[in-house]
Amino acid sequence: MSVQGTALVDYADAVKRYDPVLGIEVHVELGTRTKMFDAAEASFGAEPNSQTTPVSLGLPGALPVVNGKAVEYAIRIGLALNCEIAEYCRFARKNYFYPDVPKNFQTSQYDEPIAYDGWVDVELEDGTVFRVEIERAHMEEDAGKNTHVGGATGRIHGAEYSLVDYNRAGIPLVEIVTRPIEGAGERAPEVARAYVQTLRDIFRALDVSEARMERGNVRADVNVSLRPTPESPLGTRTETKNVNSFRSVERAVRYEISRQAAVLDAGATVVQETRHFHEDTGSTSSGRVKSDAEDYRYFPEPDLVPLTPSREWVEEIRASLPELPAARRRRLQGEWGYADAEMRDVVNAGALDLIEATVAGGASPAAARKWWMGELARYAKQTETALTEVAITPAQIAQLQSLVDSGRINDKLARQVLEGVLAGEGDPEQVVTARGLEIVSDDGALLAAVDEALAAQPDVVEKVRAGNQGPVGAIIGAVMKATKGQADAKRVRELVLERIGS
Amino acid sequence: MSTISRDEVARVAALARIDLRPEEVDRLAGELDVIVESIAKVNEVATPDVPATSHPLPLTNVFREDVPEPALPVADVLASAPAAEDGRFAVPQILGEE
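So the sequence lines, in the order shown, correspond to chains A and B. Under this note's numbering, the residues of the first sequence are numbered 1 to 502, in order. Under this note's numbering, the residues of the second sequence are numbered 1 to 98, in order.
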């Protein structure tokens, strides 16, 4: 149990000598208005126990009715993960006793999941594509929420009692189960993280869930086992439950690989058990041993009739699927003409939506990328904010770029305009006006500055008249300085030469 | 010949949190045996083309619209709680895990 006492093998060493195999179960709460089997609202953050009905409380005689929208969402998820959709399937009771399951069983699916035999391609940060095979996706309901009172750390052990809110009980869930993920080797933690992230992005694109990790809309159970070589039979696995952020998924896998390697090195066997992940230390600790108590006595749910999604309905849903994130990235890269590495940087920086909106606002893809990945990425880093949180909109960037394109400001002035927008001085147009940053294109105003500079440097004028154009830069520099950089340098040069020549 | 052993009855009872005395285990083993044997007769008449069924009604795809209906008042919900605190059910300390 003691985390301090756990022996660990250095990660690099562990993956050199052992082949890790993963299995990931992801639960996603569907964004339906009502619960899976009753019409109580399924929204987040309501007053405790204010969203229950006799069904979600498991009161005697209450009868469930399936939420058709939830079934449609489950099929959407199945199709997006390249699954087959069952022609016939049923719900089943999974019997266990826990205070957050008021019926003493969870209505789930057992051997007849609604979707099965799929796959999803997961793109790692360096562009490597790793295919994860999906065994099944099935429908079930969430449990209530326990709050443990009296324990020193809020964890269960040491809690004196628990408080239960049943608002979450009965919210529709889809659980997605992978086949064993083999061949990831030392990149297993990264693959695990990218897989969960890919699913989250798909849920959002499908609009089936808000998929907010911090609210627990998406939760992962991560199975890890080690074997000496890829040819060896699968080793004994542990299941780390409820890992609820991308980073935690990566850390939990990494930790289990190091820990199990130490167990195996010592000649001991890995205990098949569930484990808890600890955010603060990045470690896992023993939960409960998988045993006879795991017998859930599944049986078909007698209160619900079977589902037989018609092929017409399934095809209708398939036809209505939106463009998925991976396809969208490919399309946008093609449209924008970005190189692979450029596109990857954009995606990893979370700038895809920002650039798309900036391009939609009229900027060229190259200019949009230049702003977001250059000046603004630097600003975000300096101020330690996410790029999406920077106080400027894609429309404002598009406007800024159009000011540059039309020659009203130059790049140097544009950076000052940007400063103004970030400082809350308004849209780029307003900042240009308020700060007087427009390029001086009025020849009259420029000529005055040119004449002044010529008069100040008669020696340069002499040299240029004698046919040496080299020193003319000194005059131009003086003019630019006099106009605070707001002159068009090309026009200044023309005017200077005209004046000297005349 | 008994197909349901005492051990099985005791195990299933434990899973279902039913506290049985030894004599009850003995009696139920015999009774469950009769029930299982009776139901097994169905296998004798069911040919392979008869699908397994879990529901007597010829219905499928009974769905509800995703439209909220009023929830139970919180006071009514908590009226059946053995104890309540902060609008929630108070239950004994839970040993085990989340």
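Don't take each hint at face value.
The calculated lysine to aspartate or glutamate pairs, modelled on EDC-like cross-linking and capped at a C-alpha distance of 20 Å, are [stated by the list, open to error]:
1) K241/A to E214/A
2) K484/A to D451/A
3) K94/A to E41/A
4) K145/A to D7/B
5) K103/A to D76/B
6) K381/A to D345/A
7) K145/A to E85/B
8) K490/A to D443/A
9) K94/A to D295/A
Calculated Cβ distances over 12 Å to all of chain A for the following chain B residues [stated by the list, open to error]:
10) D33
11) V36
12) E37
13) V42
14) V67
The hints are simulated quantities; they were obtained by calculation from the structure and are not laboratory data. Values in this document were obtained by computation on a predicted structure and should not be read as measured data. We treat Cβ as the ideally placed atom computed from N, Cα and C, and that holds for glycine.
The hints, checked one at a time:
Between K241/A and E214/A the alpha-carbon distance is near 16 Å, which keeps this suggested pair within the 20 Å criterion. At most 20 Å may separate the alpha-carbon atoms for a hinted pair to count; K484/A and D451/A meet this at roughly 16 Å. Of the pairs offered as hints, the one joining K94/A and E41/A is violated, with about 24 Å between alpha carbons and a cut-off of 20 Å exceeded. In summary, the hint linking K145/A to D7/B is not supported, as the alpha carbons are separated by about 35 Å, beyond the 20 Å threshold.
Among the hinted pairs, K103/A with D76/B is consistent with the structure: their alpha-carbon atoms are about 18 Å apart, no more than 20 Å. Under the criterion of a C-alpha separation no larger than 20 Å, the hint pairing K381/A with D345/A is consistent with the structure, at around 15 Å. Only pairs whose Cα atoms come within 20 Å are accepted, and K145/A paired with E85/B is accepted, the gap being roughly 14 Å. For a cut-off of 20 Å, the pair hint linking K490/A to D443/A stands: about 12 Å separates their Cα positions.
Between the alpha carbons of K94/A and D295/A the distance comes to roughly 9 Å, so the proposed pair stays at or under 20 Å and holds. Every beta carbon of chain A lies more than 12 Å from that of D33/B, the smallest distance being close to 19 Å; the non-interface claim holds. For V36/B, the requirement that its beta carbon stay farther than 12 Å from each beta carbon of chain A is met, with the minimum near 14 Å. Every C-beta of chain A lies more than 12 Å from that of E37/B, the closest at about 19 Å, which supports listing it as non-interface.
The claim that V42/B is not at the interface with chain A holds, since no C-beta of that chain comes within 12 Å of its own (minimum 16 Å). Against the 12 Å criterion, V67/B falls within the reach of chain A, whose nearest CB is about 7 Å from its own CB.
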